[in-house]
Amino acid sequence: MATSASPYTGTNGAVLRAAIGYLVGGFATFLAMGMLGLLMRLDHAGILVISPDWFYRLMTLHGAGMVGAVLLAALGGLCAVVSQWVRLSARALWIAFVAYMTGMGLVVVATLLGRFAGGWTVLHPLPFDGRTWSLAAALAVYGGYLFTALGLLIVCVTLLRGTTAACGGLGGALALRYLVSPRSRPQAGLPRPAELIATVIAIDGILAALAGLIYLVPLFAEAAGVVPAVDALFAKNFVLLFGHTMANLSIYVAAGIVYAVLPVYTGRPWRTTWPVVFAWDLIIVLMLVNYSHHLYQDFAQPLGLEILGQLGSYAVGLPSFIVTIVGALALIYGSGLRWAVPSILIVLGLWGWVFGGLGALLDATLPINQVMHNTMWVPAHFHTYYILGAAAFAWAYLYHLLAGLSDVPGGRGARIAAWLYGVGAAGFVIMFFVAGAHSVPRRYAVHLPQWQIYARVAVPFVLLLAAALAWLTVDMLVRLGPAWRRTRVPLA
Amino acid sequence: MTPGLVLWVLVALGVLWTAAWAFVLVRSRPGPGFDVIEPVENRLRLRLLVIFGGIGLLVFALSLHAYPYPRFRARALGAPTETISVLGAQWGWSLSRNTVPARVPVEFVVRSKDVNHDFAIYDSSGVLLVQVQAMPGYANRLIYRFERPGTYTVRCLEYCGIFHHIMRTTFVVH
Ligand SMILES: [Cu+2]
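In the order they appear, the protein sequences are chains A and B.
Position 14, counted from 1, in the first sequence is what our numbering calls -2; the numbers after and before it change by one each time, with no gaps.
Position 117, counted from 1, in the second sequence is what our numbering calls 106; the numbers after and before it change by one each time, with no gaps.
Bear in mind the hints are in silico, worked out from the structure with no lab data behind them.
Idealized CB from N, CA, C, for every residue including glycine.
Any given hint might turn out to be false.
In silico lysine to any residue, SDA-like type, Cα no more than 25 Å apart, as pairs [to be verified]: (1) B:LYS102 with A:PHE204; (2) B:LYS102 with A:LEU154; (3) B:LYS102 with A:PRO36; (4) B:LYS102 with A:ASP37; (5) B:LYS102 with A:ASN221.
Looking from chain A toward chain B, a few residues come up when the C-beta cut is under 10 Å (computed) [stated by the list, open to error]: (6) PHE39; (7) PHE112; (8) ALA120; (9) VAL211; (10) ASP215; (11) LEU217; (12) PHE283; (13) LEU295; (14) GLY301; (15) LEU302; (16) PHE305; (17) GLY311; (18) GLN354; (19) ARG426; (20) PHE445.
Sample of chain A residues lacking proximity to chain B, with all beta carbon distances greater than 10 Å (derived) [what the hints assert, rightly or not]: (21) VAL92; (22) LEU144; (23) LYS220; (24) GLN436.
Let the hints inform the model, and build the full structure from the sequences given.
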C-alpha cells in the first residue's frame, strides 16, 4: 500500500461520504452515551444522586447506545477501507444507516419517554415484566433492535457482495484454496487482509442478525398472546448469541481497520499470509461458540455447552493474539513508526484489546466466573476492549480519514490529547477491575459507602478522558467540512 | 480462587503484557528491516501458539475439578445433608430457613417466581463466595460448605428491574 496520507480515489466518494456518516454518527452517539456513563459513575461515587428509575433507564440506553455506536463507527471505517478496492453500494449503506438510526431512535424513545429500564441485554421475561414500564415500551425496544439488526444485515450483505465480487466468489474472498494447501500461495488474487476480514465479519454479522430476527418472532408472538411464555433458558441462549456476537463483532470489524491503517504509519505492508487466513477463517466459527460463557451460572444449561463456552473463549483469544497482535507489533518494531493521533490510538487499542482480553479470559474460566460473574469485573473487561480497543481503532480511523481528506495533519496538542485518552480510559477501566475484585455488584443504582471509593478514584480519570475527547472532537470538527467537500472532487 | 487472588493474577499478566508492549514501542525507531523481522515473527508465533495452547489446556483441566455444578461439588464436598429452598421474586428473597449448619455440605434449591435473578452469597467481610442463577421454570441446585459461622448476606446479581439493588437478605451459619 502507498504511504500517502490520502489513498482514496474520487470513484468511491459516495461510499466515503456514507462512511463519514457512520463514523461521525457513531462518534457523536459515543460522546452522548459517554456523558450518561459519567452520570452513572458520579452516582456510584455518591457525588450525585440519581433515582433508581432514572439510573436504570440511563443504564439501558447507555448499553444499547454504546454497542450500537461503536459497531456503526467501526463498520463505517471498514467500508471506507475496503471501498478502495471493492465496489460497494453507497445507496445500500445509506438505507442501512436509516434503518440502524431508526432502531436507535426507538430505544431512545422507549427509555427516556417510555420509562423502559430492562437493561440493553433485554433478558426475557424482564422486558415484559418490568412493573415500571409498559408492554408498549418493551415492544418499542424490540422494534428498535429489529431495525438495528436489519441495518446490520444490509451492511453485511453489501460488504459480502462487494468482496465476493472482487475476489471471485466466497471461496476466493476467504482464500479457502490457500487455506487448505499452504504451499499453493498464489502470486495474485489473494484478498487483502481487510477484504478477508470484511468477508468474515459479514458472514457472522448476517448470522447474528438472523439469530436476532428469529428470536424476536416468538417474543412478539408471546406479547400478542399467540403462544404461552417463552422458555427462559432458550431465550437467554438466543439473546446472548445475538447480543454477544453484536458486541464482539465491533472489535473484529475494528481490527480490519488496523490491518489497513497501521501499514500507512509504519511504511510496511501487512500481507495476507497463511496465518492471517487461518486465524480469520477460524474466527468465523469461534466467534459463534463462546457466547455460552455468559450462562455459566445457569446450572440448567447443558454441561457440554458450558465446556464449549470455556474452551471456545480460550480458543478465540489465540488467533487474535498470535496473528493480529503479534503481527501488529512486528509491523511496528524497528519501523520508524510515524507518531500521529491515529497511530497513537491504534497502539493504545492494541494494549487495551489484550488487557481487556486477559480480564475476559480469567472470567471465562468457570470457577473464577463463580466469584466474578456480574460483579464490576464484567463491565471492566468489556469497557476495556471497547474504549481501549474497538472504539480507539474506530476513532483512529475517523481521524486518519478526516486528516487525510482535508490535508490538515494533527498537531502536537492533538497527539498529547490522544495519549491522555489512553491514560484517562486506563484509569477508568482499572477501577472497574479493582471494584470487581472487591465483589462490588454491577448494575446497582445505589452503592454501599464502602464501595464508593472505586468510583471516586475513577471519576477524575473519566474527566481526563472527557477533556481529551473534547480536544479531539474540536480537532476533527474543523476538518470535517473540508474532508466532506474533498470527497466530491476526483483525486489524482 | 478468591476474587482478590484473581486481581493479582491479572496484575501479574498485565505487567508482563505492558512491558512487552512498551518494549516494542521503544524499539519502534528505525531499526532492522521487515525482511529480518518477519522470520523472527514467524518463529515467535509458533512458540507462542505451543506455550499458550498448552497453558490453556492445562488451566482447563485444572479448572474442571472446581466446577460449581452439583455433580462436581457433590464429589468434592460430599453429598449434601441439608436442603434449603430459595425463591427469588421482584424484589426479595425467601429462604425456607434462616439458619444453616457450618462445616457440612448443604444444598440450596433456587427458583424464581417471575424474572431471572441471581442468588449470590457474600460473607461477613463482603466477599462474594458463590452464586447461581434463579430462573423462571427451573430449579438450580447449589451445593456449598460453610467453614465459618457468622452472618451471610444474599444479594441479587442478575438485573431484575428498578429495585434490583435492594433485593437482599441474610442468614446465619452456626
Ligand atoms: Cu436482581
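Okay, the hints, checked on the actual structure:
A threshold of 25 Å between alpha carbons decides the hint, and for LYS102 (chain B) with PHE204 (chain A) the separation of about 22 Å falls inside it, so the pair holds. Note on LYS102 (chain B) and LEU154 (chain A): the hinted pairing is violated, with a Cα-Cα distance of about 49 Å set against a maximum of 25 Å. At roughly 22 Å between alpha-carbon atoms, LYS102 (chain B) and PRO36 (chain A) fall within 25 Å of each other, so this suggested pair holds. For the suggested pair LYS102 (chain B) and ASP37 (chain A), the alpha carbons sit about 22 Å apart, so the restraint of at most 25 Å is met.
Annotation: proposed proximity of LYS102 (chain B) to ASN221 (chain A) holds, straight-line Cα distance about 20 Å (limit 25 Å). Because the beta carbon of PHE39 (chain A) sits about 8 Å from the nearest beta carbon in chain B, less than 10 Å, this interface hint is met. Satisfaction of the interface hint for PHE112 (chain A) is found here, the shortest Cβ-Cβ separation to chain B being roughly 9 Å, below the 10 Å cut-off. The restraint placing ALA120 (chain A) at the interface with chain B is violated, with a minimum CB-CB distance near 17 Å, outside the 10 Å limit.
For VAL211 (chain A), the shortest C-beta to C-beta distance to chain B is roughly 15 Å, which exceeds 10 Å, and the interface hint is violated. Checking ASP215 (chain A) against chain B: minimum C-beta separation of about 6 Å stays under 10 Å; hint holds. The beta carbon of LEU217 (chain A) is positioned within 10 Å of a beta carbon in chain B (closest approach about 7 Å), and the interface hint is therefore held. The restraint placing PHE283 (chain A) at the interface with chain B holds, with a minimum CB-CB distance near 4 Å, inside the 10 Å limit.
A cut of 10 Å between beta carbons decides the hint on LEU295 (chain A): the least distance to chain B is about 6 Å, and the hint holds. This hint holds: GLY301 (chain A) has a C-beta 8 Å from the nearest C-beta of chain B, less than the 10 Å allowed. With a least beta-carbon distance of about 6 Å to chain B, the hint placing LEU302 (chain A) at the interface is held under the 10 Å criterion. Taken as an interface hint, PHE305 (chain A) checks out: its beta carbon lies about 7 Å from the nearest beta carbon of chain B, inside 10 Å.
Annotation: interface hint on GLY311 (chain A) holds; nearest CB of chain B at approximately 7 Å, less than 10 Å. The criterion of a C-beta within 10 Å of any C-beta in chain B is met by GLN354 (chain A), whose closest approach is roughly 5 Å, and the hint holds. Given the 10 Å rule on beta carbons, the hint for ARG426 (chain A) holds: about 8 Å separates it from the nearest Cβ of chain B. Hint status for PHE445 (chain A) relative to chain B: violated, with the closest Cβ pair at about 16 Å, above 10 Å.
Every CB of chain B is more than 10 Å from the CB of VAL92 (chain A) (nearest about 19 Å), matching its label as outside the interface. Annotated as non-interface, LEU144 (chain A) keeps its C-beta farther than 10 Å from every C-beta of chain B; the closest such distance is 29 Å. With a closest Cβ-Cβ approach of about 7 Å to chain B, LYS220 (chain A) is found to fall inside the 10 Å limit, against its non-interface label. Distance check on GLN436 (chain A): its Cβ is at least 13 Å (rounded) from any Cβ of chain B, clearing the 10 Å threshold; non-interface status holds.
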